[in-house]
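Participant: Could you build all of it, start to finish, from the sequences and the hints given here?
Protein chains: 2
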Amino acid sequence: MFHLRKTLQSIGRTTRALSTIATLQAVKRPFTAKAGAILLAAGGVILYAQKNKVYAFDYMIDTSKWMSKPITALSILEQTKDSSMRSKMELLIMRIQGEVCHKLEDLDERGKFHVDKWSRKEGGGGITCVLTDGDVFEKAGVNVSVVHGTLSQASATQMKSRGLDIKSSQPKFFACGVSSVIHPKNPNVPTLHFNYRYFEVSDTDGKKHWWFGGGTDLTPYILDEEDCSHFHRSLEKACRQHDPEYYSRYKKWCDDYFFIKHRGESRGVGGIFFDDLNKPSADSAYAFVESCADTVIPCYSPIVEKHKFDSYSYEDRQWQLLRRGRYVEFNLVYDRGTKFGLQTPGSRIESILMSLPTFAKWEYCHAPLSNSKEAKLMDVLKNPKEWI
Amino acid sequence: MFHLRKTLQSIGRTTRALSTIATLQAVKRPFTAKAGAILLAAGGVILYAQKNKVYAFDYMIDTSKWMSKPITALSILEQTKDSSMRSKMELLIMRIQGEVCHKLEDLDERGKFHVDKWSRKEGGGGITCVLTDGDVFEKAGVNVSVVHGTLSQASATQMKSRGLDIKSSQPKFFACGVSSVIHPKNPNVPTLHFNYRYFEVSDTDGKKHWWFGGGTDLTPYILDEEDCSHFHRSLEKACRQHDPEYYSRYKKWCDDYFFIKHRGESRGVGGIFFDDLNKPSADSAYAFVESCADTVIPCYSPIVEKHKFDSYSYEDRQWQLLRRGRYVEFNLVYDRGTKFGLQTPGSRIESILMSLPTFAKWEYCHAPLSNSKEAKLMDVLKNPKEWI
Chain A
3 MFHLRKTLQS IGRTTRALST IATLQAVKRP FTAKAGAILL AAGGVILYAQ
53 KNKVYAFDYM IDTSKWMSKP ITALSILEQT KDSSMRSKME LLIMRIQGEV
103 CHKLEDLDER GKFHVDKWSR KEGGGGITCV LTDGDVFEKA GVNVSVVHGT
153 LSQASATQMK SRGLDIKSSQ PKFFACGVSS VIHPKNPNVP TLHFNYRYFE
203 VSDTDGKKHW WFGGGTDLTP YILDEEDCSH FHRSLEKACR QHDPEYYSRY
253 KKWCDDYFFI KHRGESRGVG GIFFDDLNKP SADSAYAFVE SCADTVIPCY
303 SPIVEKHKFD SYSYEDRQWQ LLRRGRYVEF NLVYDRGTKF GLQTPGSRIE
353 SILMSLPTFA KWEYCHAPLS NSKEAKLMDV LKNPKEWI
Chain B
3 MFHLRKTLQS IGRTTRALST IATLQAVKRP FTAKAGAILL AAGGVILYAQ
53 KNKVYAFDYM IDTSKWMSKP ITALSILEQT KDSSMRSKME LLIMRIQGEV
103 CHKLEDLDER GKFHVDKWSR KEGGGGITCV LTDGDVFEKA GVNVSVVHGT
153 LSQASATQMK SRGLDIKSSQ PKFFACGVSS VIHPKNPNVP TLHFNYRYFE
203 VSDTDGKKHW WFGGGTDLTP YILDEEDCSH FHRSLEKACR QHDPEYYSRY
253 KKWCDDYFFI KHRGESRGVG GIFFDDLNKP SADSAYAFVE SCADTVIPCY
303 SPIVEKHKFD SYSYEDRQWQ LLRRGRYVEF NLVYDRGTKF GLQTPGSRIE
353 SILMSLPTFA KWEYCHAPLS NSKEAKLMDV LKNPKEWI
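Heads up: the sequence lines are chains A and B, in that order.
Residue numbers for the first sequence follow the working numbering, so the first one is 3 and each next one is one higher.
Residue numbers for the second sequence follow the working numbering, so the first one is 3 and each next one is one higher.
Be a bit skeptical, because a hint or two may be false.
Remember, identical chains collapse to one label, so a pair may be satisfied in a single copy or spanning two.
Said to hold, decoys possible - Listed below are the simulated SDA-like cross-link pairs for lysine to any residue, each with C-alpha atoms no more than 20 Å apart in a straight line: (1) Lys-83 - His-150; (2) Lys-90 - Ser-66; (3) Lys-187 - Gln-320; (4) Lys-119 - His-368; (5) Lys-174 - Gly-127; (6) Lys-209 - Gln-155; (7) Lys-119 - Tyr-366; (8) Lys-378 - Asp-245; (9) Lys-310 - Glu-238; (10) Lys-341 - Tyr-366; (11) Lys-263 - Ser-154.
Hints in this document: simulated from the structure, not taken from any laboratory.
Facilitator: Below you can see the structure in the form of structure tokens.
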């Protein structure tokens with residue numbers, strides 16, 4: 003499956019190169035007519051390509067870096083990308099998934115993503131990409147999902163408790179998003195998490211509620227304050243383009259959201275987090291989400307490059323494992339996305355729990371020595387600070 | 003603290019031997035008068051013993067195997083043990099904690115329990131005993147707690163949803179119990195969990211709701227059917243003394259309770275589990291709980307003895323770590339006791355989460371080979387069976 007995809011991508015790229023000139027004027031022409039013209043130019047790959055035409059040959063949407071066919075047929079995405087936010091968002095998450103996976107493979111040099119495309123009986127599906135046991139990354143998962151169906155009772159109750167005025171007892175929903183957790187091997191490289199999603203809930207009276215949510219946050223094991231500043235500055239820049247108040251508001255929301263109440267400490271050094279964003283308009287909210295998603299790589303890859311060959315001790319590794327235990331605690335006890343997934347019938351559990359690290363550790367009453375680097379991190383986790 | 007305790011115990015035993023005859027007739031005499039007479043007999047230890055009299059010198063309650071002073075003063079327990087279920091239960095859990103800890107130390111041969119006695123600002127306290135990195139046990143925790151205060155909103159809601167008719171919005175509660183999770187090193191030795199508890203909730207109209215709950219269950223990594231049968235037979239025997247229907251009812255309840263819904267599999271091979279037990283009478287419910295708690299050691303120690311020196315492979319260890327990941331999932335996502343602890347203000351988080359294993363592992367889409375020993379275990383976890 004994975005190799006077939008790669009082959010198709012490579013054929014796609016070749017035929018695209020052959021036909022670039024012919025299609026420069028072809029924008030908005032029907033997909034099949036376009037594909038036909040191009041296949042003619044591609045000669046001997048016609049028969050092979052016809053079978054896979056929707057996936058391999060598209061000249062208006064750049065699919066060259068995608069990890070798989072999309073969930074919705076490409077022809078439909080093509081036709082509706084300007085009129086439907088669902089399609090627009092699916093195209094964004096496909097692109098972000100591809101770009102992030104390729105960047106991580108470049109950074110790792112050895113590890114390769116395993117790609118699983120799955121469908122959900124109740125409606126929709128997803129693409130889960132996981133890189134395991136690379137040189138740089140212990141476990142990196144990048145998941146997209148495009149799902150729809152009837153909201154579970156538990157999820158509906160949770161949404162109502164957040165102030166959403168849903169009247170129906172069994173509302174229909176649509177959700178799509180990209181979510182990712184990247185756990186590196188080296189304790190000097192922080193864990194990264196990001197998630198950008200679009201939600202629609204249809205009420206009995208026909209009213210459609212919609213909103214965006216998401217965020218990007220960093221979880222260091224050994225604190226490098228320069229990294230934290232770089233990370234937050236990058237996010238601030240993305241926010242500033244859309245609203246001067248977004249960064250400070252969503253930075254605080256992130257600190258609040260990723261707080262492990264029962265430990266009295268944050269999961270990491272934060273970043274941004276927002277939910278229920280449905281203003282000023284769908285298009286401008288989308289534009290903000292796109293800017294944030296496009297900031298993931300510039301936020302994170304310089305930090306990976308900087309530390310991936312740093313030396314570390316056995317004690318550093320044990321500390322990283324203990325902090326990964328806290329990561330597990332947060333995700334299983336508090337994370338809204340994980341809870342939504344566990345409560346949604348037919349959800350693909352491996353795609354939800356790919357966020358959990360390969361290894362985690364718990365030690366009874368562990369306490370860092372005072373003035374140690376572990377204590378320095380804990381101080382920041384117990385008292386979230388401003389990084390810019 | 004621990005050594006002082008041991009010294010005191012030994013002095014206690016000596017003075018007890020000296021004064022056995024003198025106190026044979028002393029049952030029900032006031033504690034201080036008794037203690038005075040005995041101290042006189044003990045000669046040179048008088049001054050030392052006076053400071054510690056409540057703990058070290060008691061001739062009606064055998065404290066010799068306890069891990070610490072109790073939460074409630076021994077003199078009060080002594081006076082109320084026949085009239086108060088709270089005291090009766092505290093004495094039971096102190097005894098069980100001591101017996102289990104000593105048995106585990108015997109089985110381990112090297113590991114020793116670390117004892118923490120703690121108090122809770124909101125009311126009550128506990129004694130947490132943890133043995134880490136022994137020869138046989140990777141992590142074994144045995145905790146008693148005796149707490150009281152105002153029920154959190156979340157816990158009250160949960161109890162009401164179970165059918166408890168609580169009218170007050172902020173009811174007072176009292177809870178005491180012993181709970182334990184024992185994670186051995188060798189994957190051939192199963193993990194054991196047990197928990198026995200007594201609960202009281204006082205309503206606005208003065209009505210007191212009370213109930214017992216508890217259970218003992220086994221989580222093997224490499225299935226030994228003989229062990230499972232021995233384990234279940236021991237529990238069945240304990241149940242049979244009290245009600246012919248208890249075993250089958252509580253065996254099923256255990257299978258249902260320890261089911262990891264999002265995985266479609268059980269945490270282990272079960273045992274017994276019950277909650278909200280408030281009949282036929284408080285005394286007979288207590289007697290049942292006492293029989294169950296007394297069955298912990300005969301249930302488990304023969305299994306440890308049988309397998310603690312078994313050889314195992316690297317693959318066996320990795321499989322054990324993966325299953326420990328499932329243990330973490332169950333405890334953090336579903337376990338009622340853990341949830342109650344995380345929701346209860348001022349609870350001692352390290353005592354609640356001592357149930358988590360030292361190490362756990364998650365592997366994306368791990369699937370055992372067909373006909374392997376891992377597959378054999380999974381078959382039983384997906385289709386709970388009768389063991390006797």
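Participant: Now tell me, hint by hint, if it's right for this structure.
Facilitator: Checked hints:
In the homo-oligomer, the alpha carbons of Lys-83 and His-150 lie at most 20 Å apart inside one protomer (18 Å), although the nearest pairing across protomers, at 59 Å, exceeds that limit. For a Cα distance limit of 20 Å, the shortest separation of Lys-90 from Ser-66 inside one copy, 17 Å, qualifies, whereas the shortest one across copies, 72 Å, does not. Taking the closest pair of Cα atoms, Lys-187 and Gln-320 come within 20 Å of each other both inside a single copy (12 Å) and across two copies (18 Å). Proximity of Lys-119 and His-368 under a CA criterion of 20 Å is satisfied inter-copy only: 17 Å between copies versus 41 Å inside one chain copy.
When the C-alpha separation of Lys-174 and Gly-127 is checked against a cutoff of 20 Å, the pair qualifies only within one copy, where the shortest distance is 16 Å, while the shortest distance between copies is 48 Å. Taking CA atoms no more than 20 Å apart as the test, Lys-209 paired with Gln-155 passes inside one copy only; the shortest distance there is 19 Å, against 33 Å between copies. Only between protomers do Lys-119 and Tyr-366 lie at most 20 Å apart by alpha-carbon distance; the minimum there is 14 Å, versus 40 Å within a single protomer. For the identical chains of this complex, Lys-378 and Asp-245 are neighbours neither inside a copy (33 Å) nor across copies (57 Å), given an alpha-carbon limit of 20 Å.
Proximity of Lys-310 to Glu-238 under the C-alpha cut-off of 20 Å is found in neither arrangement, the shortest distances being 25 Å within a copy and 56 Å between copies. Taking the shortest alpha-carbon separations for Lys-341 and Tyr-366, only the inter-copy value of 19 Å comes in at or below 20 Å, while the best intra-copy value is 26 Å. For the homomeric pair Lys-263 and Ser-154, the shortest alpha-carbon distance between copies (15 Å) is at most 20 Å, but the shortest distance inside one copy (26 Å) is not.
Against the hints set out earlier in the document, violations occur for numbers 8, 9.
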